[in-house]
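Generate coordinates for the entire structure from the input sequences, incorporating the hints supplied.
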Amino acid sequence: MKEKMTKWFTPFRFAVPEAYEEWFEQLAAEGWHPIKVGHINSMKMKFEKGEITKYRYVVDMQVNPRKDYLQIYQDFGWEFVGRMSSLFVWRKKYEETKPESFSDKESAAKRTKKFITLLSVISTVFCCGFIALAVLFGVYFTRLNSEEQYIQFVIGLIFSGAMSFFMISRLRQFVKYKEKHKKTESKEKKLSKLR
Amino acid sequence: MAMNYEKIRKRFLPMTETMFYILLSIRQERHGYGIMKHVKELTGGRIELGAGTVYQSLKKLEGDGLIMHTQEVEARKNYIITEIGEKILIEETARIKEIYNNLGSIL
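Protein chains in written order, with the numbering used here: chain A, 1 to 195; chain B, 1 to 107.
No incorrect hints appear here.
Label-pair restraints from in silico Cβ distances:
no.	chain 1	residue 1	chain 2	residue 2	range
1	A	48	B	75	27 to 33 Å
2	B	73	A	177	40 to 46 Å
3	A	137	B	75	50 to 56 Å
Chain A regions said to be covered by chain B (calculated; three or more residues, Cβ under 8 Å):
no.	stretch
4	75-89
5	98-104
Everything labelled a hint here was simulated from the structure, so no lab data went into it.
We treat Cβ as the ideally placed atom computed from N, Cα and C, and that holds for glycine.
As structure tokens, then:
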């Protein structure tokens, strides 16, 4: 019987695809591999302990992939791990040089931007919902005539408030990630100058 | 058409090295993986395009009419440059030549 573990809501934990990939790669380096990646696994993903493997993981968002999308990745030697809605997960074993799916800065930045755009849209929707509810609540506060209406309002406020908070914290995580990377980049530059 | 071409010029010029080599390599019909191999050969192994980059670039180029797909062979789409794509490529080449001509004082 192989050792197993479960991770919850994994795609929602990472604001940037690079961070999600790193997380998968780290687990693979410890011998943990996802058993199945399908739509439902965005909520609950099971991992199985196996061989320690040097994998490069790629998480790619494709809302409307064209016919040759899968074929191109497979031609380049990527193994299709699965897809969760529009999130495609790929991996490739490697020895020394880490393979990249987005080989230049421009296309890598474009890929990340797609994630952030989606995240911003969702955040805006929830924030607007929260604000609209709060305003309505304020306006109708004195005119609510049953406890039921109260409860409905409060539940709505809590839900949209919590979602707004969650989504905005993802966006903050993204900003932090970018800053961290800038710092390490400039540090490396300084070091190379010293040499 | 003329208006449309102006928009495309603004979107693509100047071009990234990646875009330039992809466009250049499909003056002859090729599929995604074939493009990567060809570009690698052209640059002596310096540029090794990734799958995501190739797919993303092809989608953008086709969306703006610089290239089109031809036939499908075993789920692989082949692509070829269009007239508009060729025009853009020539303009970009002229720009790069200009840079090249201005390098005289350096080397």
